[in-house]
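Q: Here is what each chain is made of, one letter per residue.
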Amino acid sequence: GAGVSQTPSNKVTEKGKYVELRCDPISGHTALYWYRQSLGQGPEFLIYFQGTGAADDSGLPNDRFFAVRPEGSVSTLKIQRTERGDSAVYLCASSQLGTSTDTQYFGPGTRLTVL
Amino acid sequence: GEDVEQSLFLSVREGDSSVINCTYTDSSSTYLYWYKQEPGAGLQLLTYIFSNMDMKQDQRLTVLLNKKDKHLSLRIADTQTGDSAIYFCAESNPTSGTYKYIFGTGTRLKVLA
Chain A
1 GAGVSQTPSN KVTEKGKYVE LRCDPISGHT ALYWYRQSLG QGPEFLIYFQ
51 GTGAADDSGL PNDRFFAVRP EGSVSTLKIQ RTERGDSAVY LCASSQLGTS
101 TDTQYFGPGT RLTVL
Chain B
1 GEDVEQSLFL SVREGDSSVI NCTYTDSSST YLYWYKQEPG AGLQLLTYIF
51 SNMDMKQDQR LTVLLNKKDK HLSLRIADTQ TGDSAIYFCA ESNPTSGTYK
101 YIFGTGTRLK VLA
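Chains as they are written, first to last, in our numbering: chain A, 1 to 115; chain B, 1 to 113.
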């Protein structure tokens with residue numbers, strides 16, 4: 001596709017439920033990133049993948065959060081036992097590692113609301 | 001740890017220049033970026049600068065980098081109402097072994113007609 005796409009654009013769930021958020025990166029981009037943006041804040045890094053493997057997951061807040069990228073393209077961010085504090089916009093980005101700029105291109109985000 | 005700070009608000013009149021400032025703490029930062037976020041939209045890359053540069057100009061945008069003071073600024077010439085948005089600076093340091101970006105809290109620019 002032309003850019004990074006994310007689905008769903010909005011997700012409302014109840015406390016304690018499980019959610020999955022999907023990201024489709026730019027075709028051919030080897031790196032994929034997840035960020036979380038709370039209201040009035042800048043994006044905060046969660047995890048990034050090089051190919052299929054998680055190269056840095058230091059930003060995941062706890063073990064309720066998990067992400068996969070099984071074929072090195074689409075990624076899914078999974079949140080178990082959601083809490084109200086998980087409400088935020090979850091942003092996905094992709095980049096072509098190895099270029100001089102390593103610029104990350106962002107998707108429109110998924111707004112998660114936990115009631 | 002790494003930290004990036006920005007002032008929260010800026011208001012300018014249409015046609016004036018806007019200057020958005022950013023300070024960062026990681027002296028090893030290699031790349032510095034400016035992104036624009038409009039309501040309900042994702043982050044749009046505006047421009048970037050390498051740490052070995054002092055200035056970069058791209059049409060109405062001028063980026064200035066003062067490495068000694070760890071200060072980055074974005075100047076928008078002839079600001080238009082369409083420039084109203086939140087502007088984020090971000091830094092990265094791939095030599096540290098990770099490609100994550102550290103973002104500031106964003107500066108909300110309001111352009112008055």
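Where hints are given, some of them may not hold.
To be verified - Chain B regions said to be covered by chain A (calculated; three or more residues, Cβ under 8 Å):
{"no.": "1", "region": "13-25"}
{"no.": "2", "region": "59-69"}
To be verified - So these bits of chain A aren't anywhere near chain B, every CB distance computed over 10 Å:
{"no.": "3", "residue": "THR7"}
{"no.": "4", "residue": "LYS15"}
{"no.": "5", "residue": "VAL68"}
{"no.": "6", "residue": "ARG69"}
{"no.": "7", "residue": "VAL74"}
{"no.": "8", "residue": "ARG84"}
Just so you know, the hints here were simulated from the structure itself, not pulled from any lab data.
All C-beta atoms in this analysis are idealised placements derived from N, C-alpha and C, irrespective of residue type, glycine included.
Q: Look at each hint and say if it fits the structure.
A: Hint check results:
1. Counting residues of the region 13-25 of chain B whose CB falls under 8 Å from any CB of chain A gives 0; the rule of at least 3 is not met.
2. Check on the region 59-69 of chain B: 0 of its residues sit with their Cβ under 8 Å from a Cβ of chain A, so the three-residue criterion for coverage is violated.
3. Every CB of chain B lies more than 10 Å from the CB of THR7(A), the least distance being 13 Å, so the non-interface label holds.
4. With a cut of 10 Å on Cβ distances, LYS15(A) stays outside the contact zone with chain B, its closest approach being about 25 Å.
5. Residue placement check: VAL68(A) keeps its beta carbon more than 10 Å from all beta carbons of chain B (closest about 18 Å).
6. Here ARG69(A) stays apart from chain B, with its beta-carbon at least about 15 Å from theirs, past the 10 Å limit.
7. With a minimum CB-CB distance of about 18 Å to chain B, VAL74(A) clears the 10 Å threshold, and the non-interface call stands.
8. Here ARG84(A) stays apart from chain B, with its beta-carbon at least about 22 Å from theirs, past the 10 Å limit.
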